[in-house]
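Participant: Place chains Y and L on chain V using the hints.
Chains as they are written, first to last, in my numbering: chain V, 1 to 235; chain Y, 1 to 235; chain L, 1 to 235.
Calculated directly from the structure, the hints in this document are not laboratory data.
Wrong hints could be hidden among the right ones.
Here are the simulated EDC-like pairs of lysine to aspartate or glutamate, each with C-alpha atoms no more than 20 Å apart in a straight line [unchecked claim]:
#1 Y/Lys45 / L/Glu193
#2 L/Lys22 / L/Glu181
#3 V/Lys45 / Y/Glu193
#4 V/Lys45 / V/Asp70
#5 L/Lys45 / V/Glu193
#6 V/Lys173 / V/Asp162
#7 V/Lys22 / V/Asp43
#8 V/Lys22 / L/Asp99
#9 L/Lys22 / Y/Asp99
#10 Y/Lys22 / V/Glu181
#11 L/Lys173 / L/Asp149
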Amino acid sequence: MIDITHGIPPQHVLQGALVLAKTLPYMPPGVHVAVVDPGVGSDRKPVALQGAEGRFYVGPDNGLLLVAADRLGGIEQAVEITSEEHMLTPVSRTFHGRDIFSPAAAHLALGVELAELGQSLDPEELRRLEVPEPQVGSSRIRATALYVDRFGNIQLNLTSGDLEQVGIVPGTKVELEVRFERYFAIAARTFAEVRPGDVVVYEDAYRAIALAINQGDAAHMLSARVGEEVLLWPA
Amino acid sequence: MIDITHGIPPQHVLQGALVLAKTLPYMPPGVHVAVVDPGVGSDRKPVALQGAEGRFYVGPDNGLLLVAADRLGGIEQAVEITSEEHMLTPVSRTFHGRDIFSPAAAHLALGVELAELGQSLDPEELRRLEVPEPQVGSSRIRATALYVDRFGNIQLNLTSGDLEQVGIVPGTKVELEVRFERYFAIAARTFAEVRPGDVVVYEDAYRAIALAINQGDAAHMLSARVGEEVLLWPA
Amino acid sequence: MIDITHGIPPQHVLQGALVLAKTLPYMPPGVHVAVVDPGVGSDRKPVALQGAEGRFYVGPDNGLLLVAADRLGGIEQAVEITSEEHMLTPVSRTFHGRDIFSPAAAHLALGVELAELGQSLDPEELRRLEVPEPQVGSSRIRATALYVDRFGNIQLNLTSGDLEQVGIVPGTKVELEVRFERYFAIAARTFAEVRPGDVVVYEDAYRAIALAINQGDAAHMLSARVGEEVLLWPA
Chain V
1 MIDITHGIPP QHVLQGALVL AKTLPYMPPG VHVAVVDPGV GSDRKPVALQ
51 GAEGRFYVGP DNGLLLVAAD RLGGIEQAVE ITSEEHMLTP VSRTFHGRDI
101 FSPAAAHLAL GVELAELGQS LDPEELRRLE VPEPQVGSSR IRATALYVDR
151 FGNIQLNLTS GDLEQVGIVP GTKVELEVRF ERYFAIAART FAEVRPGDVV
201 VYEDAYRAIA LAINQGDAAH MLSARVGEEV LLWPA
Chain Y
1 MIDITHGIPP QHVLQGALVL AKTLPYMPPG VHVAVVDPGV GSDRKPVALQ
51 GAEGRFYVGP DNGLLLVAAD RLGGIEQAVE ITSEEHMLTP VSRTFHGRDI
101 FSPAAAHLAL GVELAELGQS LDPEELRRLE VPEPQVGSSR IRATALYVDR
151 FGNIQLNLTS GDLEQVGIVP GTKVELEVRF ERYFAIAART FAEVRPGDVV
201 VYEDAYRAIA LAINQGDAAH MLSARVGEEV LLWPA
Chain L
1 MIDITHGIPP QHVLQGALVL AKTLPYMPPG VHVAVVDPGV GSDRKPVALQ
51 GAEGRFYVGP DNGLLLVAAD RLGGIEQAVE ITSEEHMLTP VSRTFHGRDI
101 FSPAAAHLAL GVELAELGQS LDPEELRRLE VPEPQVGSSR IRATALYVDR
151 FGNIQLNLTS GDLEQVGIVP GTKVELEVRF ERYFAIAART FAEVRPGDVV
201 VYEDAYRAIA LAINQGDAAH MLSARVGEEV LLWPA
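In isolation and in its complexed conformation, chain V is listed as follows:
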C-alpha cells in the first residue's frame, strides 16, 4: 500500500483530481483509490474503473478519477459498485471511503473481476470535471490558479507553450496582476536563478507553469488561493 496524500483540502474535488493525475504516472500500476466526496449520501454513484496498463480506479463518480484515467490511456470498462457482498455492511451514509471504496479496491487487488462489483456503466456517461482553460491573447494571458502546494507555490493552468505565445521565455521580466495588485516577476528555469524574495514564473516538475518566491511563500505573499485569476504579460 502506498499512501499518496491526506492533504487535499475538504471538498476540493478538482485539486484531488489534479494531484492524482500528476502523481499516478510515478506510481506502479495497481488499484488506485481516491476519496474527495462532498456528495456522499446523494445520488452520485460509487464507481470502479478499469483503465489502461493494468490500472484500476475506485471512488465517487464526481470527476475525481477521470483526469488521471483519461491522461493514462482512458477507461476500458466501468461499473457502478452495487454488490453488497463486496461492501462493509451496514453501509454508512457519510463514509463510503471506509464502507464501499476501500473494500471494493481490496477485492480488486485480490483478483476479483471488475464486473463482479456491480452493474456496467458506459464510460462516456461518467461525470467529468471542467478544468479551467486559460485565455492566451497576443500580449497577455489570463490564467487560473489550479493548485497551491505546501511551499506556497502556485500551479497555473498554463504550459511553457502558452507563455511563449506572448513572448515570455526564461529570462523575460514579467508583470503579474492578482486581486487588483500588480507584481514584478521573472521567468526562469528554476527559483535558484533569482534572488531570495523574487517572484519567479517557471515550469514545475510536472511541466505546468507555476509561480514561486525564492525562499518564500508565493501564495501568502500574493494572497492567492485555488481558483484565483492571474494575469501575466511581459513587463
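Facilitator: Then chains Y and L, alone, in the frame of chain V:
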C-alpha cells in the same frame, strides 16, 4: 504496521481514547499502541493489557486505552510494564512512547508473554476516563462536543435514540444553542440532503450524532471546540 | 520503508539536519534519504555517502546529511550523483527528491555500488552547517532555539553540563529572557514535576535542554521561533 493517526491534539487524552475506540473495530486484532501522555514522568503507570479477540493494548494508564478495550470485550489480564530488559535503556523521562511503549508492543508482537513485561495489575484498578453523559429532558437535550474532525464536523455524546426522545428524527427542524448563540439546523440522514451552508444534525459513520455544514466547517462557524456544551430542541 | 517525517518547515535545512541526527540512532542501518533542498536547480551537488555501520545517506550537498553522518561514525566514501542511468529522466529542475535522490537510494538499497552512482568526492569538501554554539558565562547563558516540536517545546543548543556551569540543576528557579520579555521558569527532570502552566527547563528525550510548559505550548507563549536567542540565569 498500520499508522492510525498522528492528528490527536497535544494532551487530549479523551479525544485519543474516543478515536481509538471508534477505529479499532475496523482494525485487525493485534497489538495496539497509543500515546497521548501528558503525565509522562509522573507516577502514572505504563501498562500493557490483554483484551478479547487476541487484542493487546499498550500505553499510559491514563484512560486512553480503556474506552476501546472495554467496548471490545474487556480486559483479561493487565500488567504494569516494569521489565527493563523489554525497554530501550536508558529510559528518557519525557518520551515513553519511544523507550517503553513501542518496545513493549514489539515484544508482544514477537510472541513474548504479557506476564514477562512486568507485574500483574487488577484490571479494575486501571484509570478510566469519565466520558460526559448528555442530559436528555422531555423537550430539550444538553450535549457535549466530544470530537471535531478535520472537516470541522462536531461529534456529540448522543445517539439517534436520544434525539428521538425529544422528537427529533430525520426531517425535523432543530434549534441549537452554542456559546449563547442560536442557530437553525435540520435533522437529516446525510449532509447531501440539505442545501450548501445549512447546519445538519445527522448520525455519523460511527453511529454517533454529529453536527456538520454541507460543504462547510461547522466547528469554525459555530465557534465550537471539544468540550463545548450544545443545547438542541425541535424548532 | 520507514517514513520519518514530512513536518520540516520549508527551507529549514538546519532543522532537517538536527531531526535526522536525533532520529537515525533509533533507525536500523539502511539507506537514509533526506530532502530539504532550497538550492535545487543551483550548482549545489546531489550526493550519496557511505557512512559507518552500513548506513548510506542520499540528498543535497547543503549540510542536511552531515550532522547525522558525522555523529554516527563519519563518512567512508562520497560521490556526486552524476550517473543518468540511475536517475529518472528527464530530470526536472525543481524536484530532485523525485528524479535523483529517491532513484539513487533505491539503487543503493538493491545493492548497486556507491561508486556506480557518480564521481568520487572528498568527504572533507562536503558542505557542513554551522550549528550555533551557546555562550556560557559564569552566571548567564546565551542560547539559541534550534527546534520547535508540534507540542511547542523548544529545543536549545545546550546540554545539562552547560546549565550546571551557571548553577542550574533540577529544582533551581530560573529566569529567562526571550525577545526582551522576562519569564520565571523552573529546572526539573520532567514537566510533570511542575504545575500546569509553569515554564520548565528540562533535559529532553534526546539529551538536549528544552523549554516546555506543562500542558501548554511554550513556543506560542514565549513567541519563540527557531533561531531565537534565549538568555537563562538562576533567579
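Participant: Compare the structure with each hint and give your call.
Facilitator: Results for each hint:
Between lysine 45 of chain Y and glutamate 193 of chain L the alpha-carbon distance is near 15 Å, which keeps this suggested pair within the 20 Å criterion. Between lysine 22 of chain L and glutamate 181 of chain L, the direct Cα distance comes to roughly 30 Å. Violation of the 20 Å bound is thereby established for this hinted pair. For the suggested pair lysine 45 of chain V and glutamate 193 of chain Y, the alpha carbons sit about 15 Å apart, so the restraint of at most 20 Å is met. As the CA atoms of lysine 45 of chain V and aspartate 70 of chain V are separated by approximately 19 Å, the hinted pair is consistent with the 20 Å bound.
Taking the CA atoms of lysine 45 of chain L and glutamate 193 of chain V, the gap is near 15 Å; set against the 20 Å cutoff, the hint holds. Restraint check for lysine 173 of chain V and aspartate 162 of chain V: satisfied, since their Cα atoms lie roughly 16 Å apart, inside the 20 Å limit. A distance of roughly 28 Å separates the Cα atoms of lysine 22 of chain V and aspartate 43 of chain V; the hinted pair therefore is violated under the 20 Å criterion. The hinted pair formed by lysine 22 of chain V and aspartate 99 of chain L meets the criterion: a straight-line CA distance of about 14 Å does not exceed 20 Å.
Between lysine 22 of chain L and aspartate 99 of chain Y, the direct Cα distance comes to roughly 14 Å. Compliance with the 20 Å bound is thereby established for this hinted pair. The suggested pairing of lysine 22 of chain Y with glutamate 181 of chain V is violated, with an alpha-carbon distance near 48 Å, which exceeds 20 Å. Pair hint lysine 173 of chain L plus aspartate 149 of chain L does not hold up; C-alpha atoms about 24 Å apart against a cutoff of 20 Å.
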